Amino acid sequence: MEKYQDSRDSGQGQSVSTTIFVASYEDVIVARQKVRELMNEMKFSLLDQTRVVTAVSELSRNIIVHAGKGEMTIIKYDESGRRGFRCIFEDKGPGIADIDLAMREGYSTTNSLGLGLSGSKKLCKNFSIQSTRGKGTRIEIAEWK
Amino acid sequence: MVDIPILMIGKNVVVPIQTELNDIGAKKMQEDVLYKIEKTTASGLVIDVSAVSIIDSFLGRILVDTSKMAKLMGTESVIVGMKKEVVLTLIQLGLRMENLNTALNLEDGLNLLRKLQETLHGKISG
Numbered sequence: 000m001e002k003y004q005d006s007r008d009s010g011q012g013q014s015v016s017t018t019i020f021v022a023s024y025e026d027v028i029v030a031r032q033k034v035r036e037l038m039n040e041m042k043f044s045l046l047d048q049t050r051v052v053t054a055v056s057e058l059s060r061n062i063i064v065h066a067g068k069g070e071m072t073i074i075k076y077d078e079s080g081r082r083g084f085r086c087i088f089e090d091k092g093p094g095i096a097d098i099d100l101a102m103r104e105g106y107s108t109t110n111s112l113g114l115g116l117s118g119s120k121k122l123c124k125n126f127s128i129q130s131t132r133g134k135g136t137r138i139e140i141a142e143w144k
Numbered sequence: 000m001v002d003i004p005i006l007m008i009g010k011n012v013v014v015p016i017q018t019e020l021n022d023i024g025a026k027k028m029q030e031d032v033l034y035k036i037e038k039t040t041a042s043g044l045v046i047d048v049s050a051v052s053i054i055d056s057f058l059g060r061i062l063v064d065t066s067k068m069a070k071l072m073g074t075e076s077v078i079v080g081m082k083k084e085v086v087l088t089l090i091q092l093g094l095r096m097e098n099l100n101t102a103l104n105l106e107d108g109l110n111l112l113r114k115l116q117e118t119l120h121g122k123i124s125g
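Residue numbers (numbering that gives the first Met the number 0), protein chains in the order written: chain A, 0 to 144; chain B, 0 to 125.
Simulated from the structure, these hints should not be mistaken for laboratory data. Being a predicted model, the structure only gives us computed values, none of them experimental. Idealized CB from N, CA, C, for every residue including glycine. You may find that some hints are simply not true.
No farther apart than 30 Å at their CA atoms in a straight line, the calculated lysine-lysine pairs in the DSSO-like style are these [stated by the list, open to error]: (1) B:Lys27 / A:Lys144; (2) B:Lys26 / A:Lys68; (3) B:Lys35 / A:Lys121; (4) B:Lys83 / A:Lys144; (5) A:Lys33 / B:Lys67; (6) B:Lys82 / B:Lys122; (7) A:Lys120 / B:Lys26; (8) B:Lys82 / A:Lys42; (9) B:Lys10 / A:Lys33; (10) B:Lys82 / A:Lys121; (11) B:Lys35 / A:Lys120; (12) A:Lys121 / B:Lys67; (13) B:Lys82 / A:Lys91.
From the structure, some residues in chain B lie toward chain A, with a derived Cβ separation under 10 Å [what the hints assert, rightly or not]: (14) Val48; (15) Lys82; (16) Arg95; (17) Glu97; (18) Leu99.
A few chain A residues facing chain B, derived, Cβ under 8 Å [stated by the list, open to error]: (19) Tyr24; (20) Thr53; (21) Asp97; (22) Ile98; (23) Asp99; (24) Leu100; (25) Met102; (26) Glu104; (27) Leu112; (28) Leu114; (29) Gly118; (30) Leu122; (31) Lys124.
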């Protein structure tokens, strides 16, 4: 499922956002495809696409595994001087008690390899994470041309 | 969900992954491969990932584990066809894939399996 939001303002450049609900492992594949399509359209290199889509795969899986459901919002910026996009992964799951610990390579609460968060941070040029216990988690990545 | 084809070439099980696998599909592939090895008493396993554009930590782990599991069953395995972008990303991600046999393509993979099997037989008879 998707919802489109077109927020073009007068003359001030434009940004277009798309939100994808992430609630199943199939949605992880859809999230990957959406980001891949956008990056392809914006002419990012194949290596950039692989790098970022791999992180998208890790971050959207995290939503399923830790919160059950959530959403990914892609905001595309296409204006002179600033071309790129942000991906925001948001859930209302249990949140992360200790972000520093959760970001550590090899740390996992689910018997996984513990590379999802640490790996995504390494793969993305811009990565930020906010989490409140009992409220949820918001992770943002951004790539600029 | 699309089933991954599992083929036999000689005494080797060959698995060409042609679609983007979700986590459930990847786990199912692992089970299907082990079942096939058991049923056919295959001597080798080749997993061809040349059509796979993303290997993240989950799929990477499935590949490593499947290879280890096959080994425990007495079957040598080779992963073939990893794309350069995928390899660069896997290393950056921090996934360790030690003790994994790899080859450039299916043909090289089958050759490597033959050598591995010969070495193994040489050790037993010698």
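So which of the earlier hints does this model not fit?
1, 3, 5, 6, 9, 11, 13, 14, 17, 18, 21, 22, 23, 24, 25 and 31
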